[in-house]
Amino acid sequence: MNKFSKIINNISTSKKRFYGEVKRKYPINPKDAEKITSIPLVKKEYRRIFAWGNIQTGALGLAYLKSNENIEKVTTATCGFGFTAFAVNSETNIKLYGTGLNTDSQIGYHEVRQNKPLGIIFQPQPIPLPFLNPEKTKVLKLAAGRAHLIILTDEGIFALGNNAYGQCGRKIIENENYTMSNYINHIDKIDGKTIIDIECGQDHSLALTEDGCVYSCGWGADGQTGLEHFNNAQQFSRVKGDIESERIVKLACRSDFVLALNDKGEAFGWGNTEYNQLTLPGGDQQVSVPRHIEMLRRIGKIKSVASGGTFCVVVNEQGQVFSWGYGLLGAGPEAQQSKLPIKIPDTLFGRNDFQPNNIVKSVVCGLNYAAAITNLGDLFIWGRNKSCCLGLGNEKDQYFPLKVSLGGHVQNVFCGVDHTIALCKPFV
Numbered sequence: 001m002n003k004f005s006k007i008i009n010n011i012s013t014s015k016k017r018f019y020g021e022v023k024r025k026y027p028i029n030p031k032d033a034e035k036i037t038s039i040p041l042v043k044k045e046y047r048r049i050f051a052w053g054n055i056q057t058g059a060l061g062l063a064y065l066k067s068n069e070n071i072e073k074v075t076t077a078t079c080g081f082g083f084t085a086f087a088v089n090s091e092t093n094i095k096l097y098g099t100g101l102n103t104d105s106q107i108g109y110h111e112v113r114q115n116k117p118l119g120i121i122f123q124p125q126p127i128p129l130p131f132l133n134p135e136k137t138k139v140l141k142l143a144a145g146r147a148h149l150i151i152l153t154d155e156g157i158f159a160l161g162n163n164a165y166g167q168c169g170r171k172i173i174e175n176e177n178y179t180m181s182n183y184i185n186h187i188d189k190i191d192g193k194t195i196i197d198i199e200c201g202q203d204h205s206l207a208l209t210e211d212g213c214v215y216s217c218g219w220g221a222d223g224q225t226g227l228e229h230f231n232n233a234q235q236f237s238r239v240k241g242d243i244e245s246e247r248i249v250k251l252a253c254r255s256d257f258v259l260a261l262n263d264k265g266e267a268f269g270w271g272n273t274e275y276n277q278l279t280l281p282g283g284d285q286q287v288s289v290p291r292h293i294e295m296l297r298r299i300g301k302i303k304s305v306a307s308g309g310t311f312c313v314v315v316n317e318q319g320q321v322f323s324w325g326y327g328l329l330g331a332g333p334e335a336q337q338s339k340l341p342i343k344i345p346d347t348l349f350g351r352n353d354f355q356p357n358n359i360v361k362s363v364v365c366g367l368n369y370a371a372a373i374t375n376l377g378d379l380f381i382w383g384r385n386k387s388c389c390l391g392l393g394n395e396k397d398q399y400f401p402l403k404v405s406l407g408g409h410v411q412n413v414f415c416g417v418d419h420t421i422a423l424c425k426p427f428v
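When the sequence shown is numbered by the UniProt record's numbering, its final residue is 428 and no position is left out of the sequence of numbers.
If you're looking for bench data, these hints aren't it; they were derived computationally from the structure.
You may find that some hints are simply not true.
Derived Cβ-Cβ restraints for the label pairs, each shown as a range [what the hints assert, rightly or not]:
id : residue 1 : residue 2 : range
1  : G192      : Q411      : 29 to 37 angstroms
2  : E135      : P345      : 44 to 52 angstroms
3  : N185      : E135      : 37 to 45 angstroms
4  : G300      : N133      : 24 to 32 angstroms
5  : H229      : Q318      : 21 to 29 angstroms
Here are the simulated lysine-lysine pairs, PhoX-like style, with alpha carbons at most 20 angstroms apart [claimed, not checked]:
id : residue 1 : residue 2
6  : K361      : K303
7  : K141      : K171
8  : K73       : K116
9  : K425      : K403
10 : K425      : K396
11 : K343      : K425
12 : K141      : K425
13 : K250      : K136
14 : K425      : K73
15 : K343      : K303
16 : K73       : K171
17 : K343      : K403
18 : K116      : K138
19 : K250      : K240
20 : K250      : K193
21 : K138      : K189
22 : K303      : K264
23 : K136      : K171
24 : K339      : K361
25 : K141      : K264
26 : K343      : K301
27 : K301      : K250
28 : K189      : K264
29 : K301      : K396
30 : K396      : K361
31 : K403      : K339
32 : K73       : K138
33 : K116      : K193
34 : K264      : K136
35 : K189      : K141
36 : K250      : K171
37 : K189      : K240
38 : K343      : K240
39 : K193      : K141
Just so it is clear, CB atoms sit at the ideal spot from N, CA and C, and this is done for glycine as well.
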């Protein structure tokens with residue numbers, strides 16, 4: 001065992017992760033993993049970035065702390081499995097940065113010397129993309145899976161990283177070496193239609209077009225592509241079923257179950273439902289075609305949906321939060337499994353006599369935890385606290401929503417497997 005492997009094993013918060021052991025170049029003080037870190041990278045009028053969770057993969061981008069007034073404004077981000085990507089508002093050809101695990105070139109090809117690619121990056125590095133108009137192109141959204149990254153721009157989507165199941169929307173090449181790959185797949189439009197939204201599961205990808213149609217590609221073993229089969233799909237194909245005639249406005253997926261929201265506030269689902277994410281009369285555990293989730297009718301119109309590894313969370317028009325499935329559902333230690341939506345009390349999200357208008361506006365799921373943002377810019381979080389990904393200052397699992405202390409109004413939050421990124425607007 002080399003010196004750095006011993007260091008990893010001696011860190012109290014270190015646990016073997018399912019995506020394998022990572023050799024580290026620099027040791028990190030274990031005390032640093034217990035803190036939420038705020039780095040003043042931008043001017044006061046810009047958004048601030050907060051990061052917490054597992055620091056060993058480099059996903060937090062904290063090789064060392066520095067201040068740089070020339071850093072561009074971060075507009076959005078995404079958390080993959082041990083890596084993070086950030087989009088910036090820049091007039092140069094660099095619109096994207098990545099940090100963390102890079103075993104499959106999911107955050108671009110980076111090398112220390114010729115033919116020696118970096119499998120792990122400890123601070124954000126630029127990811128060049130083959131834009132047609134670099135100065136004017138804007139990155140609109142990012143989505144990350146287990147080892148691939150999708151970038152939505154006004155020039156279409158760009159996909160990089162592992163394509164073993166076709167999740168990058170291109171032909172599967174047997175025994176392709178992703179470690180040495182600098183290939184970026186560009187898809188301008190799908191069926192001649194502009195792409196307006198994207199989402200990634202573990203090893204599959206979803207795209208939403210301007211007319212409300214859903215397309216998918218990648219791993220389909222559990223029906224998560226929704227293409228009415230359980231095979232892999234190496235190009236984006238139309239998802240039909242119960243959403244064929246619907247106008248979908250929102251997609252959510254963190255693992256292998258997908259939620260889709262239409263313009264009428266109705267939810268649909270497909271994929272792996274072994275934890276009762278989608279309860280059907282036949283009891284099927286893998287559903288390869290979208291189905292309307294009838295049981296959600298009783299909670300009213302839905303405005304936000306989120307899907308974790310084994311559970312789902314939704315918010316209705318009144319700002320009420322409901323969850324179901326398996327895991328820490330947010331309603332206490334007894335609520336760890338439910339076939340029907342469980343309402344999480346409004347008071348747990350800060351609504352009371354002094355703040356009667358404080359309601360939840362959106363929810364996001366990591367693999368085993370969930371987060372909610374209120375209209376006042378507060379962030380509440382609950383679930384499994386792997387590697388302190390909840391940011392609550394302890395290592396304990398959280399059975400009900402608890403507010404995360406942050407130095408700003410939360411604009412957006414991005415949840416991975418064991419790390420979290422929040423974009424905040426300063427209080428003043």
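Margin query: When the structure is checked against the list of hints, which entries are broken? Sort them ascending.
Written below: Result: hints 3, 4, 5, 7, 8, 10, 11, 13, 16, 18, 23, 24, 25, 28, 29, 30, 31, 33, 34, 36, 38 break, sorted rising.
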